[in-house]
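Chemist: The primary structure of each chain is shown beneath.
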Amino acid sequence: MRWSKVPSTQYSVQSSQRKIRHWVLSTGYWVLLAVTLLAAAPAPDERHLSVYSPVAVYSLPVVERAGRDYVGLLELLEPLGRVSSELNGRSLRLRYNTVDAEFTVGRTRARVRGRDFDLAAPFLIENSRGMIPLNSLSALLPRFLGTPVSFREISRRLFVSDVSIQPSFHLDASTPPRLTVTFSAPVNPTISTEPGGLRMLFKRDPVVSPGSSSISFDNKTITHSEYSENDGNAEIDVAATDPLMASFSADRRTITITTIQAATTAGTPANGAPSSAAQNTLPPGNPAATGSSSNASQRVLAVVDPAHGGEERGAALSDSLAEKDVTLGFARLLRHELETRGFSVLLLRDSDVGSSLDQRAAAANKAHAGVYISLHATSQGGGAHVYTALLPVEGANKGVFHAWNSAQSQSLPNSRLASAAIAAEMQKRQLPVRVSTASLRPLSNVAMPAVAVELAPGPGGLADLTSANYQQRVASAVADALFSVRDRVGAQP
Amino acid sequence: MIPRHLLIAVAALLVLVVSMGIYMGRMRRRAGELESPAASSLPVAPPASGPTETVTLYVADDDAGVLRPRSAQIPLPGGRQQRAEELLRTLLRIYQQPGATHPLASTADIRSIFLVDPGAAVIDLNAAFADQHRSGILTEQLTVNSLVETLATNVPGIQRVNILVEGKKRDTLAGHADLSDTFDVTTVVQAGSQ
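Residue numbers (the numbering used here), protein chains in the order written: chain A, 1 to 493; chain B, 494 to 687.
Only chain A is shown next, with the shape it has when bound in the complex (with noise of 0.2 Å):
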């Protein structure tokens, strides 16, 4: 007897279920995946118009409908004057300053002062505010501002009367060569450098061609510079075959653009905003070099602040351990380690008393001091964070007074270079460290380079901050540092 395998319709029927459950499951995980994939996707890259006008320099997202770029119309006048509207069904009245003007959705005819006015597009209204067309600001805004307005579409770049500024270039092709960039109003770049050369970004500066987009120079080091325009932001890049750095001069008119080596020989490096891989590379000399070179007579005189005191605690590190304990002890190491390197040192506080801000800062300025160090304490982070001033830098020849709130500006560029020193010397000791600016008093109203150090755990947690083996390697590194940068930081009168 043979047996044959005969299909049963029971089996048949389990089979097919299990087919469309699995084709359920698969298709339910396929929209799942689909679903967050899209979420997770990165959003489409934002676009702006930069607006450059006498009262106001701003920027504006750009938004693409049926195809066009579009821009808000209240937006876009609220900075420049007093602006109010209504909106009436479809129809938005808009009054900025003395000018009435009336749009419609989905129009392009428009009454601006009374008079028709055709957009390129239709006009929109989008939660509850006008748009219009990009590509009519050149036409439109003009009857409103009664100024005359230029718009490179392109770039998005909206200049409103004549705020241009324009760049002017001269190679001083010398050994090494320096480039310096005059501008015809103070700018403001972010400044980067990279290999092959630096870049100036201009985001809030109304920066235009200097009349050539590419300029050839006739030097090995520097070799051109390249002008453009795009989102909204000028940039000029100078492409060379050594390392730069930028610094800036007569109130930011002038930048001038040099080889790192060649900054750090002369010792002119920061008058001004060095950038940020500048500082990182600065090399802060060799102590032993620069103590040679320097006169014996002349001691800097240090002024060494622990932060909080008294009723002021600080912060607290830890359920015992307040802020104003763990400086006051980092003082003491601090000055002990100055002073075995030649330096006078003023301690502003060397038992539990606290003073106001002023009076340290008055303290100091008094002093004469050549340099000014505030100490802090932190149990986030690591190793230790410097500190800078968060204060633009103001250029040299302001007079004998300073504000008191921006006392700090004209000492900026040597407050950089005692940074970038402490910060070179702590990773030579493999410590971790952090540069960064803060809107720290009394920092900002010291008339001397000025510097806090926050000194964090290290290895062994929030037990090194009460360490005295860990606060002295870190004393020792600022220490080390502030010597090898005395003679730019100032000698005692």
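There may be inaccurate statements among the hints.
To be verified - Straight-line Cα separation of at most 25 Å, DMTMM-like style, residue types lysine to aspartate or glutamate; simulated pairs:
1) K203(A) x D162(A)
2) K203(A) x D358(A)
3) K662(B) x E311(A)
4) K203(A) x E546(B)
5) K662(B) x E312(A)
6) K203(A) x D610(B)
7) K428(A) x D358(A)
8) K661(B) x E312(A)
9) K366(A) x E312(A)
10) K662(B) x D677(B)
11) K366(A) x D664(B)
12) K662(B) x D358(A)
13) K661(B) x D358(A)
14) K366(A) x D610(B)
Think of the hints as simulated: they come from the structure by calculation, not from any bench.
Once you've looked at the hints, dock chain B against the given chain A.
Modeler: Chain B alone, transformed into the frame defined by chain A:
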């Protein structure tokens, strides 16, 4: 002997009382459940409605010591001042979530923002924002930079920012970051980009 109809009536009344008791108990429990969220100390802000917009929030990361730009889709009201307030409240909610990279107190709130022409903004924080803020140069500065940069990036024309606490000037946020002076937007943004 008690009449039969009276017994039935009493039994029906008893069933009614018991069922009413059970019903009341359930209603009270439900009312208690509804009341509990209102007792929360979280700040209550009227939700904005309408179409959403893409904004860039600058979110502080304590470990890295930096601000990280983050795009968010949020509904924003029409007025410039209300937009600014909603923007910073959205930022605040990120910091109040469990596991935030820069935690702030759950009771911290923005009382209001005043936009003063030309180009000045005043942020008024509530007392809990400052009183319960962690103390330290980095953490306080990150909070300030995050507020200033987020506001200036999304509300056009702001060049200077002042920060008040409960409508009054305050020396520092939590012992370090100076709030007595005006923050220059360009300087703050540039410090963040370096």
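Chemist: Now look at each hint and say whether the structure bears it out.
Modeler: Structure-based check of each hint:
no.: 1; hint: K203(A) x D162(A); verdict: holds, 18 Å
no.: 2; hint: K203(A) x D358(A); verdict: violated, 36 Å
no.: 3; hint: K662(B) x E311(A); verdict: holds, 21 Å
no.: 4; hint: K203(A) x E546(B); verdict: holds, 23 Å
no.: 5; hint: K662(B) x E312(A); verdict: holds, 19 Å
no.: 6; hint: K203(A) x D610(B); verdict: holds, 22 Å
no.: 7; hint: K428(A) x D358(A); verdict: violated, 35 Å
no.: 8; hint: K661(B) x E312(A); verdict: holds, 21 Å
no.: 9; hint: K366(A) x E312(A); verdict: holds, 24 Å
no.: 10; hint: K662(B) x D677(B); verdict: holds, 17 Å
no.: 11; hint: K366(A) x D664(B); verdict: holds, 23 Å
no.: 12; hint: K662(B) x D358(A); verdict: holds, 16 Å
no.: 13; hint: K661(B) x D358(A); verdict: holds, 20 Å
no.: 14; hint: K366(A) x D610(B); verdict: violated, 39 Å
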